[in-house]
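Engineer: Whenever a hint applies, use it, and build me the whole structure from the sequences.
Protein sequences appear in the order of chains A and B.
When we follow the UniProt record's numbering, the leftmost residue of the first sequence carries the number 1, and every step to the right adds one.
When we follow the UniProt record's numbering, the leftmost residue of the second sequence carries the number 1, and every step to the right adds one.
Where hints are given, some of them may not hold.
Note that the list lumps identical chains together, so a pair holds whenever it fits in one copy or between two copies.
DMTMM-like cross-link-like pairs, simulated, lysine to aspartate or glutamate; straight-line CA separation at most 25 Å [unchecked claim]:
id, residue 1, residue 2
1, Lys363, Glu186
2, Lys255, Asp189
3, Lys402, Glu433
4, Lys478, Glu406
5, Lys363, Glu82
6, Lys420, Glu94
7, Lys69, Glu167
8, Lys30, Glu368
9, Lys79, Glu186
10, Lys255, Glu156
11, Lys365, Glu56
12, Lys363, Asp26
13, Lys53, Glu368
14, Lys363, Glu56
15, Lys486, Asp351
16, Lys478, Glu507
17, Lys164, Glu433
18, Lys365, Asp26
19, Lys255, Glu186
20, Lys447, Glu406
21, Lys478, Asp463
22, Lys359, Glu416
23, Lys152, Glu320
24, Lys34, Glu278
25, Lys164, Asp27
26, Lys325, Glu19
I should point out that these hints are in silico values taken from the structure, not numbers from a laboratory.
Only a predicted model underlies this, so the values are computations on that prediction, with no experimental measurement involved.
There are 2 protein chains.
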Amino acid sequence: MSASISIFDTTLRDGTQGEGVSLSADDKLKIAKKLDDLGVHYIEGGIPGSNSKDIEFFKRVQELGLRAKITAFGSTRRKNTEASQDRNLQCILESGAQAATLVGKSWDFHVHTALQTTLEENLAMIYDSILYLKQNGLEVIFDAEHFFDGYKNNPEYALSVITKAAEAGADWITMCDTNGGTLPHEVYDIVSTVVSNLPQANLSIHTHNDCELAVANSLSAIQAGARQIQGTINGYGERCGNANLCSIIPTLQLKMGYDCIQADSLKQLSNTARFISEIANVHMPVNQPYVGGAAFAHKGGIHVSAILRDSRTYEHISPELIGNKQRILVSELAGQSNILSKAKEMGLEFDPSNENSSKVIDKIKDLEHQGYQFEAADASLELLLREANGQISELFTFESFKMLVEKSAGQPVVSEAFVKVNIDGQSVYTAAEGNGPVNALDNALRKALVQSFPSLQEMHLSDYKVRVLDEKDATAAKVRVLIESKNVSNTWNTVGVSGNVIEASWEALVDSIRYALLGQINQNDKHSNIESQHGLVNH
Amino acid sequence: MSASISIFDTTLRDGTQGEGVSLSADDKLKIAKKLDDLGVHYIEGGIPGSNSKDIEFFKRVQELGLRAKITAFGSTRRKNTEASQDRNLQCILESGAQAATLVGKSWDFHVHTALQTTLEENLAMIYDSILYLKQNGLEVIFDAEHFFDGYKNNPEYALSVITKAAEAGADWITMCDTNGGTLPHEVYDIVSTVVSNLPQANLSIHTHNDCELAVANSLSAIQAGARQIQGTINGYGERCGNANLCSIIPTLQLKMGYDCIQADSLKQLSNTARFISEIANVHMPVNQPYVGGAAFAHKGGIHVSAILRDSRTYEHISPELIGNKQRILVSELAGQSNILSKAKEMGLEFDPSNENSSKVIDKIKDLEHQGYQFEAADASLELLLREANGQISELFTFESFKMLVEKSAGQPVVSEAFVKVNIDGQSVYTAAEGNGPVNALDNALRKALVQSFPSLQEMHLSDYKVRVLDEKDATAAKVRVLIESKNVSNTWNTVGVSGNVIEASWEALVDSIRYALLGQINQNDKHSNIESQHGLVNH
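Structural biologist: Here it is as structure tokens:
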């Protein structure tokens with residue numbers, strides 16, 4: 001039997017204290033549902049005493065009927081008052097939460113500097129507040145703020161704080177590394193001492209990432225005997241963030257033999273992380289451990305050829321266990337094995353001994369030398385590979401474009417584009433405005449095509465990146481444009497490179513639409529009616 | 001006396017294996033210079049056998065005369081061949097590097113699966129290759145790939161591999177956690193065993209961040225007796241990245257009592273991290289430990305009032321030690337003091353109690369909210385401050401521009417710009433071509449101005465950067481353009497922001513020229529002849 005670790009999620013409370021993270025009550029409810037599906041044991045929803053958004057959350061979350069315990073956060077009572085008269089404690093009781101996290105001081109320096117009260121009164125504040133909530137039927141998690149700094153400064157007082165919390169009946173005692181400055185061996189030593197002083201207590205750990213050690217510190221505490229981890233999805237939180245549950249849960253479960261959540265739920269981890277980053281509107285780093293898009297992406301040539309023989313050679317776990325997947329990136333560092341495996345992934349037959357195939361490998365290398373980057377432009381790469389395999393029939397050809405940007409003093413800037421394409425032997429000439437030059441080009445190009453290809457109505461550009469390649473050449477430098485496009489079911493990426501940002505954008509735009517229509521060709525091929533519909537125009 | 005730790009930087013090699021990181025030879029040279037200023041001891045520049053870009057880097061880096069040891073990376077000789085006949089080893093020798101990192105297998109599974117040779121031949125490959133490079137005068141760092149996985153699978157063989165490397169004369173023996181799956185306590189135990197087996201060897205640690213433990217694993221190895229850390233700036237690297245030197249160096253130096261780099265250089269850490277993220281064009285997470293923009297940012301409420309009483313209450317170190325700074329979010333204090341110190345730096349009199357001054361502070365904050373960034377655009381900020389101080393008299397005013405990009409199938413793209421400005425009451429209308437839209441605008445604007453202001457002939461644009469701000473808004477997103485300009489004696493930076501890349505570029509171009517002419521005003525003011533020459537046109 002392996003030990004169980006309780007997972008306490010504070011994405012909705014401490015997570016929202018991170019810069020750039022701001023969640024509406026609706027957002028919080030969506031995230032709570034997702035966290036519950038993942039199987040966390042506690043969901044700290046916010047501070048009911050602080051704002052109406054959190055009050056609304058606590059009210060509406062009860063209707064969802066979640067399995068996780070909904071937890072409200074607040075401070076111990078104010079100095080020299082009664083717990084029953086404290087407004088914050090009252091708000092917690094009124095919130096309807098099943099559990100309360102109560103934060104109290106355990107660093108004597110803070111008692112003097114921040115609270116400006118005596119060490120004795122601080123102990124009374126903690127004892128009274130916990131007792132009051134327990135008497136009112138709540139489960140109580142006591143958060144000992146600055147516990148490690150406090151312990152280093154005055155171990156006796158820090159221990160007396162959590163002993164007092166245990167006496168008052170706290171269900172969990174959380175040791176917080178509030179400033180994130182403690183090191184893993186210090187956490188291990190201090191938690192070990194606490195375990196031997198309070199052998200009956202349920203201990204919990206709450207760390208911050210200021211030294212990039214929040215995950216390691218959480219694991220250290222577990223190894224020393226703590227049985228609950230407080231953290232957030234994707235490590236959101238004040239300053240450098242909280243302990244990242246997306247890294248902690250799989251490590252505890254897959255490598256250290258602890259039980260946290262169901263193995264089946266673990267497969268939802270990557271999806272959960274991405275979902276919450278979308279709701280929070282925070283860009284998810286591609287290299288995020290375990291759940292990031294590049295966590296199992298292989299770029300180096302040697303790596304790739306070994307991975308193809310046996311994935312254990314360069315993967316520490318099987319990505320499927322956490323719902324992520326292996327990807328092979330194409331880059332100048334890699335040999336042709338990357339391109340071959342990409343072709344295989346795309347279901348293309350591709351024989352490296354064949355002359356056509358080695359030509360396309362040379363072509364890709366040459367394009368990369370010019371500044372193209374296919375690792376983030378799968379769709380452009382697929383178009384090249386299919387072209388080399390003779391599998392592409394173009395549905396339209398380009399004749400010309402003009403793009404005009406005009407501005408007069410005091411007037412808003414105007415962008416217009418004029419596009420001429422040939423569809424099925426017919427020249428189509430259109431004009432459109434846009435809120436910028438690329439938007440105008442995009443609008444004009446779709447306008448020209450959408451009557452013949454109505455499926456283009458369902459796609460849109462979802463991401464646009466520009467990178468100046470040799471910045472020293474200033475405005476004469478090459479730029480690389482990466483475009484991400486989406487329709488209801490798919491996302492694809494294309495690339496364009498030119499000394500002219502408009503031409504580079506145009507290239508990526510055209511590839512995006514060619515790729516969208518490629519799907520249409522394949523789809524229509526199955527029904528054998530594409531040729532009679534449009535006639536195929538060869539490139 | 002505290003122990004010294006050698007810092008081995010592999011940003012230019014392993015760092016470029018990260019997704020989205022791609023560096024030109026020029027980029028690599030700029031980064032090498034910056035790393036040398038920081039004081040790292042080894043700079044691994046690339047793989048001289050792999051591509052022409054790396055060969056160029058190793059050639060040109062010698063001209064920089066850096067203090068750090070320039071290091072070339074490569075594999076041990078191929079199986080069943082002579083070291084002296086090995087092409088990769090030859091490339092390392094020809095590169096001119098002072099040191100070589102040689103990677104060899106230490107996991108028996110890899111010897112069989114990836115190399116497909118015998119355990120004995122692998123030992124011979126390692127021994128021969130190290131000996132050959134040592135005989136040719138190079139310092140050799142032996143990278144024992146997959147050392148921890150190898151040790152767990154077959155400790156005897158893993159130890160025999162590094163023992164063999166030591167016998168061949170390797171100067172450093174690096175234990176690599178190549179797949180990033182090892183835990184800190186495992187690293188500590190295994191490194192401790194190695195230390196007792198090879199007490200004379202110089203041991204180095206190389207970790208990856210697949211479990212978000214790369215920093216903790218590096219520190220564990222040091223605590224067990226290793227004396228070198230291999231890592232990258234900002235943790236760039238394959239998959240989830242390498243050990244992040246920006247977190248490791250300050251922790252070792254400020255918290256653990258080791259010597260890594262000079263205390264003065266440590267103050268360059270934040271700047272170095274930001275510079276390299278700009279060159280690599282990889283977005284730096286605001287919550288990055290130590291060096292990120294939010295690492296010492298405090299949101300309103302309890303934290304802020306405590307911080308104002310004593311910054312130790314919520315900061316684990318003083319941000320100045322690593323060149324970062326405290327920020328109080330949602331507070332007037334932070335912005336204002338920044339602007340005041342900037343004004344002082346520029347020699348401007350600037351009184352915050354004065355109404356004009358508080359207006360310009362509000363204006364700057366509003367612009368920053370819109371996406372302007374003055375940290376990298378001193379000249380644009382100076383124009384704003386001088387304007388507020390009534391110190392600017394414009395020498396020209398803008399009337400209108402038009403910018404046309406045209407392309408027909410099979411023809412090169414054409415860019416033209418038409419600019420109308422007013423100089424001294426006279427309208428001047430010019431047209432020019434360029435190799436891109438911004439270049440055309442630049443050409444047309446100078447053409448309009450240069451007759452009246454011949455000094456503009458001496459300036460040119462030396463750097464041009466584009467960043468898409470809200471990538472999710474795709475082609476409707478705002479972009480920020482940063483332009484660097486130079487004349488014989490000065491360099492200055494300007495910024496423009498707009499939903500339209502052309503308009504944003506225009507803004508930055510105009511600021512650049514206004515700034516150049518500001519110099520002229522000042523210069524001419526001294527000779528008191530500017531007004532009679534041109535008459536001042538008020539903006």
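Engineer: Taking the hints in turn, state whether each one holds.
Structural biologist: Each hint, compared with the structure:
no.: 1; hint: Lys363 with Glu186; result: neither (55 Å within a copy, 46 Å between copies)
no.: 2; hint: Lys255 with Asp189; result: both (22 Å within a copy, 16 Å between copies)
no.: 3; hint: Lys402 with Glu433; result: both (12 Å within a copy, 15 Å between copies)
no.: 4; hint: Lys478 with Glu406; result: both (24 Å within a copy, 18 Å between copies)
no.: 5; hint: Lys363 with Glu82; result: neither (69 Å within a copy, 34 Å between copies)
no.: 6; hint: Lys420 with Glu94; result: neither (56 Å within a copy, 53 Å between copies)
no.: 7; hint: Lys69 with Glu167; result: within (23 Å within a copy, 60 Å between copies)
no.: 8; hint: Lys30 with Glu368; result: between (28 Å within a copy, 21 Å between copies)
no.: 9; hint: Lys79 with Glu186; result: neither (31 Å within a copy, 46 Å between copies)
no.: 10; hint: Lys255 with Glu156; result: between (35 Å within a copy, 23 Å between copies)
no.: 11; hint: Lys365 with Glu56; result: between (44 Å within a copy, 18 Å between copies)
no.: 12; hint: Lys363 with Asp26; result: between (37 Å within a copy, 24 Å between copies)
no.: 13; hint: Lys53 with Glu368; result: between (38 Å within a copy, 12 Å between copies)
no.: 14; hint: Lys363 with Glu56; result: between (46 Å within a copy, 22 Å between copies)
no.: 15; hint: Lys486 with Asp351; result: neither (31 Å within a copy, 52 Å between copies)
no.: 16; hint: Lys478 with Glu507; result: both (14 Å within a copy, 21 Å between copies)
no.: 17; hint: Lys164 with Glu433; result: neither (65 Å within a copy, 69 Å between copies)
no.: 18; hint: Lys365 with Asp26; result: between (35 Å within a copy, 20 Å between copies)
no.: 19; hint: Lys255 with Glu186; result: both (22 Å within a copy, 11 Å between copies)
no.: 20; hint: Lys447 with Glu406; result: both (22 Å within a copy, 19 Å between copies)
no.: 21; hint: Lys478 with Asp463; result: both (20 Å within a copy, 12 Å between copies)
no.: 22; hint: Lys359 with Glu416; result: neither (39 Å within a copy, 37 Å between copies)
no.: 23; hint: Lys152 with Glu320; result: between (42 Å within a copy, 24 Å between copies)
no.: 24; hint: Lys34 with Glu278; result: within (12 Å within a copy, 36 Å between copies)
no.: 25; hint: Lys164 with Asp27; result: neither (37 Å within a copy, 58 Å between copies)
no.: 26; hint: Lys325 with Glu19; result: between (30 Å within a copy, 15 Å between copies)
Comparing the model with each numbered hint stated earlier shows that hints 1, 5, 6, 9, 15, 17, 22 and 25 do not hold.
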